Amino acid sequence: MAKRATPGLNTSAMSDISFLLLAFFLMVSSINTDMGIARRLPPPLPPDFQPPEVRERNIFQVKINRNDRILFNKEVGDISLLKERAKEFFSNPLDRPDLPEKNPTQIEFIGVYPVTKGVISLQNDRGTSYDMYFRVQNELTAAINELRDELAREKFHKAYNDLDEARREAIGKAIPVAISEAEPANKGGGK
Amino acid sequence: MARFKQKNDKGTPGLNMGSMSDIIFMLLFFFMVITTMRESTLFIKINPPRGSEVTKLEKKNLVSYINIGVPMDNYAAKYGTEPRIQLNDQIADVSDIRQFVELEKNARSDQDKLLLTFAIKADGKVKMGLISDIKQELRASSALKIFYNAAKEAK
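Residue numbers (the numbering used here), protein chains in the order written: chain A, 18 to 208; chain B, 211 to 365.
Be careful, since some hints might not be right.
[Claimed, not checked] Below, a sample of chain A positions facing chain B; criterion: calculated Cβ distance under 10 Å:
(1) T28
(2) V45
(3) G53
(4) I76
(5) N120
(6) S146
(7) N155
[As the list claims (entries may be wrong)] Covered by chain A, according to a simulated footprint, are these stretches of chain B (three or more residues, beta-carbon under 8 Å):
(8) 259-270
(9) 298-305
(10) 309-322
These are calculated hints, taken from the structure and not from any lab test. Remember, it's a predicted structure, so these values are computed and weren't measured experimentally. All C-beta atoms in this analysis are idealised placements derived from N, C-alpha and C, irrespective of residue type, glycine included.
Taking the hints into account, I'd like the entire structure generated from these sequences.
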């Protein structure tokens, strides 16, 4: 039998097949990046729990009614003002007596920093839309993020997001997420 | 110069396509690894709210989703037109949340139980009454790490 060279396999169609597979996976799969705001719920309260006394100057009340109107500090306000007001409340730059007290605390990397005692109290109605609630949460988060960023630039000359874990934690202690959520009201009569 | 004259009867040589498929397979595997298949089909419409301060949700394997929204048009006859909760691939009630939390916790190791996050993926038009009820249920079953799903606001 004569020796013949084996003919090479024609693999040019192979790439077509793998292209087809690639296109299929590209279409059916979704790189779903979940974005959002992380929060921690308070732990369940014991039945005999007494809420601690908080001075009025340390509370910033934000209420959202069933028509998605906002009330902060006892006056009807617009959501576009909320961020600035929350920032002013937390930082109290002029030490005004009607804005929260500060508690000087020793914090690693930062030194003694006047940590605010202020708490934002957020109350919504059962008829409030999730959209509005989220936008308010978003504005309050924006206020905290901006304050943290300002402090990070002042102390470490870097943006908050570029800091390492330990320094970020220190900033987090200096400016905590102090948002307390009250039980929703039921003025709208919704179920 | 006849000595250097090339024979011109060969034509252009064909490109070697042998490694092309290897490259494409590499791409294919890359996409297969980084993408996640949709695990459950949604029966409800979710149009999440938008926000500027949203961050990425880390560690997908430590997240359980609670979907809230109005049933899609073709499921309206079955599930009604009021906002409903969907846990994994079935429509549920607020009272089912506790059991769901237990199931999700038991599916994880002891260390991961503490890091388990519940992502609330709700439609913007859902009323807060329902979401507050869910949050109270989560609190009662000590699932305290939550996440409000939203879309990034276009600047």
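* **Those earlier numbered hints the structure runs against, lowest number first** => 4, 5, 9, 10
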